[in-house]
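Q: Single-letter residue listing:
2 protein chains.
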Amino acid sequence: MTLQEAVEKLNEIEKASYALSHAQSILSVDGETVAPKNSWKGRGKALAYLSELAYRQLVNPETGEVLETILKHQAEADPVTFRRAEIMKENYDDMHVLPMDEYVAWQELINESGAVWHDAKEKSDWAMFAPYLDKLLAYSRRYASLKGPDKLPYDVLLNEYEKGASMETLDPFFRMLREELSPLIREVAAREKPLPAFMKQVWPVAQQRRFSEKLMAMEGLDPLNCTLGETEHPFTDSTNKWDVRITTHYHEEDPFSSMYSVIHEGGHALYELDVRDDLQFTCLAGGATMGIHESQSRFYENLIGRSRAFCTPLLKIMQDVFPDQMKDVSEDELYSAINLSKPSLIRTEADELTYSLHVMIRYEIEKRMVAGDLAVKDIPGEWNRMYKEVLGVDVPDDRHGALQDSHWSFGGMGYFPSYALGSAYGVQMLREMEKTVDVWGTVAKGDLSPVTAWLADRIHQYGMLKKPQDLLLPAMGGPLDPAAYTGYLKKKFSELYGI
Amino acid sequence: MTLQEAVEKLNEIEKASYALSHAQSILSVDGETVAPKNSWKGRGKALAYLSELAYRQLVNPETGEVLETILKHQAEADPVTFRRAEIMKENYDDMHVLPMDEYVAWQELINESGAVWHDAKEKSDWAMFAPYLDKLLAYSRRYASLKGPDKLPYDVLLNEYEKGASMETLDPFFRMLREELSPLIREVAAREKPLPAFMKQVWPVAQQRRFSEKLMAMEGLDPLNCTLGETEHPFTDSTNKWDVRITTHYHEEDPFSSMYSVIHEGGHALYELDVRDDLQFTCLAGGATMGIHESQSRFYENLIGRSRAFCTPLLKIMQDVFPDQMKDVSEDELYSAINLSKPSLIRTEADELTYSLHVMIRYEIEKRMVAGDLAVKDIPGEWNRMYKEVLGVDVPDDRHGALQDSHWSFGGMGYFPSYALGSAYGVQMLREMEKTVDVWGTVAKGDLSPVTAWLADRIHQYGMLKKPQDLLLPAMGGPLDPAAYTGYLKKKFSELYGI
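Sequence order for the protein chains is A and B.
Counting from 837, one number per residue, gives the positions in the first sequence under this note's numbering.
Counting from 837, one number per residue, gives the positions in the second sequence under this note's numbering.
FYI, nobody ran anything at the bench for these hints, they're computed from the structure.
No false leads were slipped in.
Identical copies look the same in the list; a pair holds intra-copy or inter-copy alike.
Dumping the calculated BS3-like pairs for lysine-lysine here, alpha-carbon to alpha-carbon at most 30 Å: (1) Lys1281 to Lys1152; (2) Lys999 to Lys1326; (3) Lys877 to Lys1050; (4) Lys908 to Lys851; (5) Lys908 to Lys987; (6) Lys851 to Lys881; (7) Lys1050 to Lys1163; (8) Lys845 to Lys925; (9) Lys1302 to Lys877; (10) Lys1303 to Lys877; (11) Lys877 to Lys851; (12) Lys877 to Lys845; (13) Lys925 to Lys881; (14) Lys1302 to Lys851; (15) Lys1178 to Lys1152; (16) Lys1303 to Lys881; (17) Lys1271 to Lys1328; (18) Lys971 to Lys851; (19) Lys877 to Lys925; (20) Lys1302 to Lys881; (21) Lys959 to Lys1050; (22) Lys1271 to Lys1152.
Put together the whole structure using the sequences plus the hints.
A: Dropping the structure here:
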């Protein structure tokens, strides 16, 4: 096979891959958002067949030869094509691990588990979800043992979401976060501020929907390319830069829960929306790793969205959308309100200071459940014990405990650490950005475009074209330094709480 | 190939067909409802590849042999399997007509045309849509010439939506409708009633959404299996009985526009929701013909939804959802308001009496445009001329004229007559139903379940299992008799207008 023949074949393989993953993606988004509840059965049949097709067209000797041919001609191939072959080879290797029947059964299981998790969460019924999690874990372990027979299973899974991540690096990372942040969390808790009066009001969903629109506009999300849906658990999904979906969840007693979901998912969306046109519809369109993806979402959510400067445009928008509720609120009161720190139950609603300890608890539980040291039935007990030990809170039920997140229901064991890593990457990117961009001056004017332009230039535009480390090092101005993250948090919350 | 081998193969083919058409269906519904506007490009790529797969897996010698084998063993095959092979053979023959590349290009064209039609309608710009309609027409003509080389092209297209329909039967059908109804329409117009004061109010969308929920509940649409979306043009789509989607369009100045869309699409949905379990995920799940499908939607919309009896529960619901707007309205005023008859511009909002003449105009235009006797550029002029001649109204722009319906944008030339045929079928079904069901007694109580049970028993449950005529004749108590339809309209509107 000549290089040119191989490249033509690669184009065909990619066309099929794109189409099948586009369909799988939209079916899933539809299932999460507007589909009737009972639709999971038919969707499962469709997804199973699509995943069979995806497997067949990727895992076959011809595809193997196509990829090998391109990979051994690095000098002659153009760099984008070469990188497409590299990433396609990773996908090929990932899928190759399991026989087709097992792969398809896994896809069917994920679809069903998602439906069951929704029900189980609603009913706060761990026993309902447990048999599914058992099966999901068995699959994950089997996959890991085949993919990396010489590695620990959880290391293999971590690597699926963050290239190069392992317990060897994450154990000290989380230990440091816990050691550095716990004393401050305790001091802050001792100076607990009361919930300001303005927050004890009703924030009708219709108004919150208008609020979302204005937030998306300020974040620079073009509604022609990106729409907002409503789901139990907020997420972002994207098929290409002209078709990005984000979701949120409204709570009438609290406008900030949905607001930070919109801004967070909007950060993911900006990443997808800014990938270069020539990478669209190829396997390079999309974020480099989940950690880097989370660095973008949490950048907007926290570093920008919870900054003092952001309170200037935010208050204007809120006073426009919620004139009664926000009548007498000042920027400083708003800044204090969106940064109230208090150990709490729900990760997605946690304040910035306590957030990474929510992640740490999940990391510790995942480590043990994947290793087989923690039985599925014992997870809620262990979850509750750790929440008490680490954050000092009592978990009233599994809906507010081990059933709160959707990740395990789609087999995403190993995903959670990306949130903490992304938060840490983001602080280092901010420090780099501040060297050339007047971040706070422009944010205070409600103009996030210089921030986004910087991130698009350093990170977004490349999709998966660059290797993760080649993307991160220049954007962060050096390797990961968790002290930058803890230092940022310590300074911010010491000031906020006068410590 | 033995019969048993053929049946096993048929199961596999159907599994693939189901999955692909499920994906195509959901991608289209998503595109029409919540997808970002620019998403059509990526969706087009996905749909093109899925249609290529659908073509490949259906159009091949093995599938041909499978179907022939079953069809020549009618005596031994079980009746459901035999009928599945019959319908699959029809699909096979339909798809076989064109080479794959043309078939796929057609699917891509439809996707793009839909997006262009939306824009063109919004801008009332026929010239924008015209080149697409030219291409759609060229495809339809080519398809018809290959499918039925001995027939007139429009007859072939009509037959796609209503088995056995032809200009030979439809010409006198529409002529009779026009001759019988035109004098009454003129008399009614001469006695024009003013719009009642209560209708000149604002009906906020949030309230209309609640209204939709209550209407759907009264119609017996289980939200676990059927959800409502919002689109420019209302429609129903279904992948199986546990996943049916209907849509509506809200107008703040008029609650009845959306209300009758919901009830109409709800009638389509009930058909899909009531098909027997053992036919689900086979090619027999779905309506027998589009005429029969429309007979169900228009049954609920008009025969029930615009009846005097229905005004009793309707007024209760409206006074609950719109307490201010409906404060002093009586059942009789409501009955008069929902049956105001007046020649108008928009088919989907037309009253029952003038409705079929809207369809007749489309039929006459389609006949000529498919035959090549009416150029695409001349359609709006001819449209406007006929609206003036037949209904006496002046069309202000193409948004309210030839661009109003989506059908041509998806190549649905030949679809429109189904609406008039369905309306006529429905009246004959009602006459049969009245022999054993206390229709008006139970409707007045807001209980539509005996009506739906009758229709489910006679029509819905069978999906495509029975041949259309075998389904229609017993349900209608005899062959099509348009006089039943015109007689029903004459009686109702003579009474309403004291003629």
